[in-house]
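Enquirer: Go by the hints and put chains A, B and V with the ligands onto chain Y.
Letter by letter, the chains look like this.
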Amino acid sequence: MYNLLIGGAAGQGIDTTAAILEMLLKKSGYNVFTSRDFMSRIRGGHNFSLIRFGTEIIKSHSNRLDGIIALNNETVEIHKTELNPKGFILCDAKIDSDDHRTIKIDMEGIAKKIGNPKVAGTVAIGAVLKLFSEKIDSVKDVLKSFVKADYLDVNIEAITEGFDVAENRFPHLKGKFSDHMILSGNNALTLGAIASGLKFYSAYPMSPSTSIMEYLASKGVEMDIVVEQAEDEIAAINMAIGASFAGARAMTGTSGGGFSLMVEGLGLSGMTEIPLVVVDAQRPGPVTGFPTRTEQSDLKFVISASQGEFPRMVIALRHHEDAFYQTIRAFNIAEKYQIPVIILTDQYLADASATIKPFELDDIDIINPAGKKDYDGEYLRYKLTKDGVSPRLIPGKSRNFVTADSDEHDECGWITESADMRIKMMDKRMIKLDKLKLELQEPEFIGPESFDILLLGWGSTYGPIKEAVEILNKGYGKKPNLKFSALVFGDVYPLPQKLLKEKAAKASRIVNVEQNATGQLAGLIREHTGIECTSNILKYDGRQISGEEIADRAMEVSFK
Amino acid sequence: MYNLLIGGAAGQGIDTTAAILEMLLKKSGYNVFTSRDFMSRIRGGHNFSLIRFGTEIIKSHSNRLDGIIALNNETVEIHKTELNPKGFILCDAKIDSDDHRTIKIDMEGIAKKIGNPKVAGTVAIGAVLKLFSEKIDSVKDVLKSFVKADYLDVNIEAITEGFDVAENRFPHLKGKFSDHMILSGNNALTLGAIASGLKFYSAYPMSPSTSIMEYLASKGVEMDIVVEQAEDEIAAINMAIGASFAGARAMTGTSGGGFSLMVEGLGLSGMTEIPLVVVDAQRPGPVTGFPTRTEQSDLKFVISASQGEFPRMVIALRHHEDAFYQTIRAFNIAEKYQIPVIILTDQYLADASATIKPFELDDIDIINPAGKKDYDGEYLRYKLTKDGVSPRLIPGKSRNFVTADSDEHDECGWITESADMRIKMMDKRMIKLDKLKLELQEPEFIGPESFDILLLGWGSTYGPIKEAVEILNKGYGKKPNLKFSALVFGDVYPLPQKLLKEKAAKASRIVNVEQNATGQLAGLIREHTGIECTSNILKYDGRQISGEEIADRAMEVSFK
Amino acid sequence: MSKHTFNIQHETAWCPGCGNFSILDCLKTALEELDKDPYEILMVAGIGQAAKTPQYIDSNYFCGLHGRALPAAAAAKIANDTLTVIINTGDGDSYGEGGNHFLHNIRRNVDITHFVHDNQVYGLTKGQSSPTTDEGQVMDVQVDGNIIEPLNPVLTAIAAGAGFVARAFSGNKVHLVSMMKQAIEYKGYALVDIFQPCVSFNKVNTFAYYNQRVYELDDRYNSGNKTAALVKAMEHGDKIPIGVIYKESKKTYHQKNSVLKNGGPLLDRKTKPAEIGKLIKEFI
Amino acid sequence: MSKHTFNIQHETAWCPGCGNFSILDCLKTALEELDKDPYEILMVAGIGQAAKTPQYIDSNYFCGLHGRALPAAAAAKIANDTLTVIINTGDGDSYGEGGNHFLHNIRRNVDITHFVHDNQVYGLTKGQSSPTTDEGQVMDVQVDGNIIEPLNPVLTAIAAGAGFVARAFSGNKVHLVSMMKQAIEYKGYALVDIFQPCVSFNKVNTFAYYNQRVYELDDRYNSGNKTAALVKAMEHGDKIPIGVIYKESKKTYHQKNSVLKNGGPLLDRKTKPAEIGKLIKEFI
Ligand SMILES: Cc1ncc(C[n+]2csc(CCOP(=O)(O)OP(=O)(O)O)c2C)c(N)n1
Ligand SMILES: Cc1ncc(C[n+]2csc(CCOP(=O)(O)OP(=O)(O)O)c2C)c(N)n1
Ligand code: SF4
Ligand code: SF4
Ligand SMILES: [Mg+2]
Ligand SMILES: [Mg+2]
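Taken in sequence, the protein lines are chains Y, A, B and V.
Read left to right, the first sequence gives residues 1 to 560 (this note's numbering).
Read left to right, the second sequence gives residues 561 to 1120 (this note's numbering).
Read left to right, the third sequence gives residues 1121 to 1404 (this note's numbering).
Read left to right, the fourth sequence gives residues 1405 to 1688 (this note's numbering).
Hints listed in this document are in silico derivations from the structure and should not be mistaken for laboratory results.
Each residue gets a CB set at the ideal place from its N, CA and C atoms; glycine is no exception.
Incorrect hints may have been included.
Claimed, not checked - Straight-line Cα separation of at most 20 Å, SDA-like style, residue types lysine to any residue; simulated pairs: (1) V/Lys-1651 <-> B/Pro-1393; (2) V/Lys-1685 <-> A/Ile-663; (3) V/Lys-1660 <-> V/Thr-1486; (4) V/Lys-1685 <-> A/Ser-698; (5) V/Lys-1660 <-> B/Pro-1270.
As the list claims (entries may be wrong) - Incomplete in silico selection of chain B near chain V, CB under 8 Å: (6) Gly-1219; (7) Leu-1223; (8) Arg-1228; (9) Asp-1264; (10) Ile-1267; (11) Leu-1275; (12) Asn-1331; (13) Thr-1347; (14) Val-1351; (15) Asn-1377; (16) Ser-1378.
Said to hold, decoys possible - Short, incomplete list of chain V residues facing chain Y, as computed with Cβ under 7 Å: (17) Asp-1441; (18) Ile-1451; (19) Gly-1500; (20) Val-1545; (21) Val-1547.
Excised from the complex, chain Y in its bound form (with noise of 0.2 Å):
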């Protein structure tokens, strides 16, 4: 497994030759795992991005370097320490570097020579399949989805120079993902959102949810869906609910501070029953916080989000899989049960993209948006039913009239104020929890049957945590005989317990890891189950915790 960096300044195209490199390498057959770090700029500053490539399965970064391609003086700077000791820092000439793994290339000269100043990065891509052994023969077909076609000839013969003026350095290690896809968590989310027949989204634009409202859009005629962009998160969210309630699938996303304005809406599609679901895309609070960075510090809010008590389901990404399955599973669940289903996504997962198997469209299905049947007797929106679910319609689609009322309400719709006809609709509402309860998710239970440590988390954590586990049960420390196991949730809320008790009834210890300041997935575990974690690693910088990072975090909690 390889470790690069590329550093450098917001607008010097680090993402594009990230982008590049990684598809490069993965049609090459290598599993290619690529987070991004970035500041909340437009130019300057230092941004980076971790692109980790190897023959296995990869869900995260580390931070231990093979080589950095730095594209200013402050990348080495700041990462040479990462570095190990034969690894590389490739740069231009001109750059300040005088350490001894230090590989220069005049890329703006070739850039110059070549008819254009901007490519200079791309010399690096060059260099860079070089230095890992690659072939570039099948180069241009890359380059075509990433570069205009006028600028095509001249990218693949800065490619060219690049990869002519570096030498062989790795062994190309033959991975077997060169049939796998290669995309963000946000665009496997969005993809799933099309595939449950998503027509509608309406947004406003918030780091790390923007790029879902993009890619939507770029597809939008292609795939009949219109995409909203709102004056505000409130309009939004009653912008989705008002589709929903009119027939179209519907969706919203944003970040924290958006979700905050979105609250009442929530409640909204709670009281009257309208499918909608809501992607929280999480970044460091408190309100702006980090606006281009990652946290889990939203999970106990969008729980208890709103005023006043109604059902819902909260269901956190772990991974590009989940992006995508689990996108879908939220549209029905959403639909079955007529309740607003939130996804709690982050900067991490949103952003990073992985190599994963191309998504299965044959096993899914999908549940159809309301029946638009004729009744018989009188058709009552709010009927009173056994699961609480009672008939939805869609407006003009029969011979009913479908009604929606943020009041309470009687059967029909009607603002009601008796105390009598509150408590069945409260109760209608609230019952829906029971049959969903049935369907829940466990957790992933990762590592062996028998352990002494069980590491709790939830949601992008999934991916350091499964590689801290695998660390710490090679033999880690000053204990290597202590086994670790982990249970990973993706269903939230309602907390699914089961496995839980089971697993928590065997570890010694409970180790609950977190990105963020309080613990919160703890917290809701306690107040569900009684079940009490005996320490907690919680990271709140913005930076993704690593699996190196919990491996050792554990083993020092370990021993308190």
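Expert: Relative to chain Y, chains A, B and V with the ligands alone:
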């Protein structure tokens, strides 16, 4: 103790009638407690007030009526089953009521006779006073504050006429409360805010919080308080924060729906460490719900509202004394720790009036808004300190710059992207909770030191729970020897745990009483202490639970 | 003669004498005269006294959040343009809490109709000033008189780019029905600001107050001239014009949106698995 | 010569060539020329690229929430009217997320100054259309071209009742400084919408684009005539006027508010215990 009900349609003047009667009864020595039950409409429908008065301290309502004053037919129809056999129904001659307990008076005729048909209701006051063996000498004094000068005489005449046609029926019980105050929960809260030096209140009308704004507006000029009706709740909270930043003590208030829109602003107060007091006067949700009724279902919501993590405090008001003194404490804590403090009240407490000792101003300490001194060294608004509290200055009041930024920032208040500074700032903010926890107020313990069953509750169910404990310990129901005690929380977040753990350890059963559908306090308690309640008494029909109902249901669940 | 009737048996929660009754009547008449099928009508509202209107008319309805009628209405129309989407709601709802949606739905120009029951007061919350309350008026919270200049919704709507802006008065039913019909028939966002006396909380802008002041715009007035319309919209004193103040034909959202301009109603379009397969391939 | 300087040593996060630099320069010059004391300046912003301005000028500042600069600014001024309160923030912040506060703070007329860096794009979020983006412009989310008519903020502000409305261009610094000074000196809410080229995301409304189109209003233009101002505000094609489009003297919030109109700054007024005692007695 006597229980009266005045009922009629919206627009018939029940509120004024009840208010006059309350004040007259209080002046004649009674302790009076009135709760209000009304519909979300301006005219028509069915509204009523329950006036309870006696010689002991009264903190809750009762539905076991001694008298009904019916301004329309519906009142008789709906409430006569709650009337005790010796009770009376006082109504106009033209109302249909063949109940033998009915006392018909030609109120309309009398009103017309004395020249103003609108005073028919006032005639009833006179009749009630006679029934309860009151005098009417001092009526004029009281009427002056409820009736415009031009209408004073005709109202006095109406009372006199009503008095003359009725007969003495119930003995005067002679209480000692004539020197007490009688006022609503919202008025007590507002007085607390005024006593804290409130200078700025911004809000958007929403029941049951609107009366705070109304009372403040009526005293604005007198007390130098600017009351601003904002364009929406988002503006309301951002205005309050802006005013507080600039050095004016500020508050905003709303109900759950408006609070939903204030969620992002709440985080702004947390992040920028600007003191803020927010009142959430709860009503039944979700969303519009029951606009004029009562519930306690925003507890978890306000505890975890807004993205990210920051310190906050939540104080629930239990009764009218709390409404005053805890509001003052809320301002002090907000200022001392530079955090948002949320005051939870609800429609029951907000609108109910109670008889209480005049507020003591002497032993009240008001923590003054931020210092105004100059700094010798460098002034750092967000200086890292041991207890997390940094020197807050007021912009323009010194030769130092005062800053605020919703992005993560350094000690100066400048935007930072540093991982190290992030951790320091998060720790600095969160650590404030450590000191705050030392000054939390334990829940009030009610009942005998040695008991079998522990009732738990919070906020406005205080009165009903207290009454229930009295009823139950008098030897009640199936197991008259069972002893009951209760803990009722005022401080709810952070949750005070000492007394809870102590009492829970002694209880054979713990019964949680809440005016909501999911038992939110029970969840909070389990999360923070691991203590699990044996059962719940939950009510969520928008009508406040009474002491009698708690007693009955406590008996039931104590045998399950 | 109309095939349909919009009457429903449902007690209203309004005060006797309230202007809302006339507006409700006129709306039913307008819909009947336009020969609309009740099942194809979607009535939308926020929260308030006016916002209860949808409950009292035989149709589909969506009474959402206070201030948020417009986004829900626009999106419902985007989802299914065979629906006739009509918003009846209050001045506070439309211009106060909902002010941002007012501005931006004018720009969005979805084919929806917005009837504002402008009683110049917050009715349901018992008499605070609304964005259209006159300066100086003593209100529940504005105890020394309202110090904020009222918004002129008609002028603001024209300035923000609305293509159909009218004013009406609940007391002139024939005229109101005509305004309603024209607004519903207009292709795009249409605003009718309707003076509606609130007998309980607005003691200044009463039936008599409006009745004395309003006059109908006649044929001599050219509602197609924007400058003239802006000037006309500012006429708001002893005489207040009612009628279509401004009308301009504009492309609607549906006509401009590249997804909607071709093909049937959005909700009927099926996502094809083959197309998804194509998207997946792009990542391989 | 000015006694004060507003320079601060702080690296900006802006792109080289961005119009924000000129605006920042002009603001400093304006404040210096007005001889303002930095300690009495409160700079307020929301979130965005423009909203970083307060960080780069020696003063007190409050950078709050995206879209919410105005309510915080107005309230700070209400609390302490000895502060000079200036908002520098973006078009998205002011007219998009913050649209409702824009409408209602115009009406509120607190004595604050609102400088909108109008780059006709959402800069910080990397190039989506803003409320002022031209129709047809291809943007990050508007892949087939923006189909929504741009808001004319100047026209809308006049219609909503603003007393001082100006337009400027970051490329004309002498003029911009003059606009800023007039706006700051104006008693009441003052808006200056400033064209600001965004070199990274707006490839249509460039420096050259504005430079070709803008022309300065001269003395012949009467900014006191509202109808003329409305007409002038609509001039937005090959030629775009910059200057004070509309100016009218109006009573400010402070002059009208019954609490504020007498007595010193609100924050200095003490609540007297005796007064509270009186209130308590009213309930006995
Ligand atoms: C978020 C929110 N804030 C406040 C309210 C309370 N509220 C209900 S209706 C209303 C105002 C009604 O005024 P308007 O829209 O003019 O309608 P009217 O009652 O006058 O017809 C308010 C403030 C609410 N329901 N939701
Ligand atoms: C509630 C919320 N929604 C969205 C965002 C993301 N956001 C930050 S700045 C911005 C728009 C910036 O546009 P503009 O105000 O025009 O400023 P510019 O960057 O162009 O100067 C957005 C959408 C946010 N910070 N908060
Ligand atoms: S309060 Fe006013 S608007 Fe509401 S129903 Fe009564 S008269 Fe009509
Ligand atoms: S993105 Fe545009 S507005 Fe932002 S700094 Fe760069 S050029 Fe200026
Ligand atoms: Mg109204
Ligand atoms: Mg902008």
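Enquirer: Next, verify each hint and record whether it holds.
Expert: Hints, verified against the model:
no. : hint                      : in the structure
1   : V/Lys-1651 <-> B/Pro-1393 : violated (60 Å)
2   : V/Lys-1685 <-> A/Ile-663  : violated (36 Å)
3   : V/Lys-1660 <-> V/Thr-1486 : holds (17 Å)
4   : V/Lys-1685 <-> A/Ser-698  : holds (17 Å)
5   : V/Lys-1660 <-> B/Pro-1270 : holds (14 Å)
6   : Gly-1219                  : holds (4 Å)
7   : Leu-1223                  : holds (5 Å)
8   : Arg-1228                  : holds (6 Å)
9   : Asp-1264                  : holds (4 Å)
10  : Ile-1267                  : holds (4 Å)
11  : Leu-1275                  : holds (5 Å)
12  : Asn-1331                  : violated (26 Å)
13  : Thr-1347                  : holds (6 Å)
14  : Val-1351                  : holds (6 Å)
15  : Asn-1377                  : holds (6 Å)
16  : Ser-1378                  : holds (4 Å)
17  : Asp-1441                  : violated (29 Å)
18  : Ile-1451                  : holds (5 Å)
19  : Gly-1500                  : holds (6 Å)
20  : Val-1545                  : holds (5 Å)
21  : Val-1547                  : holds (5 Å)
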